[in-house]
Each structure stands twice: as structure tokens, then as C-alpha cells.
Amino acid sequence: MAQAEKAMPFRGSKLNRTPEINAGALATRTVNSLPLRRADFACLADALDYAALGDTGANFYSGRGKLAAVLPYRALREKALVLARRLLSLSLERGARVAIVAETNPDFLRFFFACQYAGLVPVALPAAVNLGGHDAYVVRLRGLLLGCGASAAMASTQFHRFLREAAEGVDLAFVGTPAAFDELPERDVSLKRSGPAETAYLQYTSGSTSFPRGVVIKQEAVMSNLFGVVNHSLDVQPDDRCVSWLPFYHDMGLVGCMLAPMATQRSIDYIDTRDFAMRPRRWLELMTSTRASISFSPPFGYDLCARRIRSEDVGRYDLSAWRIAGIGAEPIRAELPDRFAKLLAPAGFNPRAFVPCYGMAESSLAISFSPVRQGVIVDWIDADYLAEHLRAIPAGPKTGRVNGFVRCGAPLPGHEVAIRDDQGNALPDLHVGRIKVRGPSVMSGYFAQPEQTRQALSPDGWLDTGDIGYRVDGSVVVTGRHKDMIIINGRNIWPQDIEHIAERQPGLRPMDASAFFVLGQDDEEVAVVVVQCNISDAAECHQLTQTLHREIQGELGITCLIELVPRHTLPRTSSGKLSRAAAREDYLRRREQERLGAQASTDRISYFEQRDRTAALGR
Amino acid sequence: MLEYPEILATLSAELKSSTQGRVPITEDTDLLSELNLDSLQVMNLLLHVEDHFDISIPVSILAGVKTVRDLAQQIEKLGHKG
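If you read the sequences in order, they're chains H and L. The first sequence stops at residue 619 when you use the working numbering, and every number in between is there. The second sequence stops at residue 82 when you use the working numbering, and every number in between is there.
Take these hints with a grain of salt, some might be off.
Stated by the list, open to error - Beta-carbon label-pair distances, calculated as ranges: (1) L:26 <-> H:402: 46 to 52 angstroms; (2) L:26 <-> H:566: 32 to 38 angstroms; (3) L:9 <-> H:94: 33 to 39 angstroms; (4) H:545 <-> L:5: 29 to 35 angstroms.
To be clear, the hints were calculated from the coordinates, so they are not data collected in a lab. The C-beta atom is built at its ideal place from N, Cα and C for all residues, glycine as well.
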């Protein structure tokens, strides 16, 4: 399949106008006329060539639930081939990066696959801007453009003004809207697709926004991951259909919910991420109306949905076709799947549809998957014993504190997972240590960051996931994650980004801020930043707090509790660095003292009800 | 056509109820530093506005919004375009 395409005759521009919305168009069908092939292709372009022979494709829905655009794989391939020639008119070198502000629309797929056919490397950039976040978003986009050395960049009319601003002074061959790209001439060349040993795409990790890292994924890596996921893990069937609201700049959204359906010739129905955040019940309505069988979400999505469903709504849903409810990408609170399943049982949701999984962009997507039709298995572990001895023993009737951890299944075939102690020694089952993974899905490295790459990837191919966990019965269990990371509404927030915002304020210096999370009323994570300063004037304090609220919201899209303390309050380690863990303990102690001192303003205090899980995370 | 006074009144009412009247809402109220709305609260606010006026608010217009007035003006502009 991997031969070069013949140069195609010039096509009328009418054909290339996107997004193409046909009034009264129907969504692509579920059952394909084409025999199912489960991702056994050498590269993504080969996979699309095959999918284009059938009748399935991607469908895009508006916030109000109307079908807004239909993109059969057949049309996607045709459009991508035309656009590939237009991109090549820019004389980009092979493997050049094409940055795409990744909204959930047909243009993202068209540009992504044009790159595949042209031998270019697509890079999805976030299409998410916060209230008052103009400047912060522009700075972030600029960092991402520079970080991947982009040669061309695309954004829709909606996002183009930010992109244009971000690209000022950056050396790019072309920046434009899809319509502007469609004005480029088609270069009359035979296309040479991105082959197995070439880079398939660059994926920015959900890491720090100040220090972005682009994961380099080769065709053979992503194809190996897709093959493992759709055969071994999901056992994709000819009548499967998918629904997704995950953004394409997220690994689960891109690989799990765009590439996997395409590589198995499945139809998928998309809702925009913002529309989901606004109207989470749309997810279940779409699952009902399309009779979809596969949908993935981080725990955050199930939680948001469960909170918004009214009991009188449940009867309107029919989720009996939902056979795989993937759940992963962040720690899974043990009680959540059960709560969701109970709530939706009257709608035919099967609790055994839950498929807990574990993965990360550095491993293309998936590392391990629970078996389908098994449901969620929770290990109830003695939390104190775990914290003290780094060993998972089952909780008994006399156990004081209990932690529930969800088993995330066995590694994909051909992949090894090892648990190592700090000295790098392999640990037996039930011992908690660093989770390392090795296998064909692992990234080649971080783009243009040899030092970061060396830290993450050993010479013999082991990826340090940064997560902590143990093995049991062949399953991987994640008990903790990247040290210090904060997760709010499903997004990873890095403490250094919050600290950075504080420390750049006038009168403040580096090491004047320490950020971490505490658990809120419903056990959700709440970001806290403790700032040390010499301000005693109440008005000035108020001013600083307001500025911090505004800038943290604008840049990171979260609210953050802010505590101002006198200089020299923040604890340091023996090497003189700030210790976030110690700052957090001090903070919680102060709140505890406040609570004991004055039993007033109860609701605020109960916010800090201490349920300290750090110890149990093995930190 | 959306009228500014009506937009303002809707926004104010919605903000008053979501902040339980803790902060007085005026046109100059800063949505971030004074009301401290997080991204899900912003989504909720937009949801109510969209449903009330039967419009669709593109996320990109939020980038330049700081005060209640900014938001009301952006929504007013959408009405003119529609």
C-alpha cells in the first residue's frame, strides 16, 4: 500500500471548501461494507487508504446536538491528498512541523492527514483560551510554535488572530486559515507518504505550560500502539461505533478517539470539548441516539456527567449498546465508576463496560488495559502500611486508613512494565516503586530536548513514566503520579506554572512561592499557592491577591487559594530548595490551628478537612 | 437583536445567583479577580446566556473579557452579527 500516489489532476476549488456542511446530510453508517482490518498497517496513510474504501467516517455535532459536518474517510483521503500538494508548494523540507490549532472540526483531520501524505509532521496545539486569557494564550502558542520549530501553522478564523500574533517574528513559511491554505497552488509532484521509520506526529505533553515538551512518535510506534489497543485490549468488532468529546491535542483524543477509529474503519461522532464541558449530558444523549459502543474519558468526564444528570433524565438514555467505557489518563478514584454505573443502570449501562487503562503520550497512548467485560477491580489497601513500608497489603477489619486503587490491567503485548526502587532495582509484586515501561510504542524522545530525553529514556529503552505503583496478578496499579502535579477538572496543572506567575509580581522573587494541592469538600483537588512577601498593608495584600487570582485564571484557567505569609516562612530542603511537600504540611497545619482556634466560618474550614493522601502516594 | 440592557440584566442575575450575592455585581465587576470564577463556573454562566438568548458563544471571544461590561459587549456584538 505504501507506494507513492500518482499526481492527481487539478481539482476544482469547490471540492476543497471546508468545512463542508451538506444540509440534511446523514451521519456515516456504523456497519461498513468493507471487511474489518484492525490497525495492521505500516503507517497512518496506509490505514486511511484502506478506510477510504468503505462507507464510515467522522461526524461532528454542534453544541445543540445538530449534525454539523460529515466527513467520510473516503472524502477525508481525497481532501488530504489535495491539501498535501498545496502544503508542498511551500517547499517545506521533509519532516517539517505543521502546527494546527486543534479544534474539533473536519479541518483538523484534513490537515493531520495531509501531513501524512506529504511526509510532514503535524503538531496539534491547544484551542483553549481562558477568560481574560488573551496575552497568556498568545505567549503559550508562541512557545509551542518555537518549541516544535514549526514551518507552517493553521488556525480557524476564530483562532487565527491569536495565532497570527503568536507567530510575529517567528520564522514560518506560512501562517493562515484553512481557506488561505486552500488558495495555495497544488504542486504537481508524486507524493511520498510518511513511512514506518519516520515521525508520525509530535504530541505536546500536558506538562508545564512554561516549559512545553513535544513527544516525538514514529509511525511504527503509534501503529504498534494502535494494533495492541484495538486487537488485544478492545477487540474491535464490525458493529462498533465511537463517540468522543476529547480534544485532539490530548493523546487520548488524538490517538484513542481519532486514529484508532480510523485505523479500524469505525464511524465516530464528535462533540466539541467546550460543548461537553457546558452540557455534559450531550455525551449520553449522543451515545443513545447513535447506539455507540465505545467511548473513552478521563475520570473527570464521568464525574462531571454524574453530577449533572437529573434522576428524571436517566430514563431518556439508552446506554445498553455501550460495551467499552474506557477510563484513564488520570488517577481513578475508586468510588467513581461505581457511582456512575449505579446512576445509569436504569438506562442500561453495564458496569462491566468500564475498562480502566493506563498510558501517556510518551508511550503513544496506552501502556496497559484491563480486559473487556471485566469491569473495575479495586484493591483496598492499608494506607498507613503503604506509606510506611511502600508495600500494598489488603486492608483488614482493623485497618485504620484505607485507600482504594483501581487495577489498570496488563501491559500491551510486546511491552514490559517494571517497578523499580530509587536505586533502579526491580521490585516484586505488591511493592511500590517507579513505573517503567519498555516496548515498541515508546516515544523516540522529546523534540530538540536531549537533556529531558536522557532523563526520561534509558539507553536500553526504558521509559521512566514518573508515576508510582505496583504490579499484582499481572495488572499495573498506579498509586501516585508525577510528583507535585495538580489535576483540576481533568487538566494537569504544574505547580511551577502557578509559582512562576506569583514570582514575577513586583517585589517578589524566585523562591517566594510554593504551589500544591489540597483536597476539597468532595475530595477534588484544589490548588493552593503560599506566597511569602513583606507586605503588611491590607490594601496592598488585597491588590496582590486580586492580581494573582486574575493572572492564574487567565493563564491556567483555574481558581487557586492564595495565602500570603511573611518572608522566610516557606520551608527549604537541606540543599536550599523550596519543598512543596513541607509547604503543604505547614499550610494544612495553619488551617488546622485556625479551625481549632475559632470554630467559625465552618464551610470555609471544612474545605480543608484534612484527608492527607500524600503519604499513601509513597512520596 | 440583543439589547445591551437585557444582556447586562441577565448576566447580573446569573452572577448574583452563582455567587450567592456575596459580591455586588456592577458593570465594572472583574469576573476574575473579584468573582474568582473558575473555568467550569464560566462554562455555566455561558450556558445560561446561550440558552436564554438562543445564541452560540464562540470560546475565543472570552480572551479579551475582564469585566461584566466586556462580556455583555461581546455578547451584544454576537447579536448584531446574527
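Here is what the structure says about each hint:
Checked against the hint of 46 to 52 angstroms, the pair residue 26 of chain L and residue 402 of chain H passes, with Cβ atoms roughly 49 angstroms apart. Remark: the range hint 32 to 38 angstroms for residue 26 of chain L to residue 566 of chain H is upheld by a beta-carbon distance near 34 angstroms. The given range of 33 to 39 angstroms is broken by residue 9 of chain L and residue 94 of chain H, whose C-beta atoms sit roughly 58 angstroms from each other. Taking 29 to 35 angstroms as the suggested C-beta distance range, the pair residue 545 of chain H and residue 5 of chain L conforms, at roughly 33 angstroms.
Violated hint: 3 only; the structure is consistent with all others.
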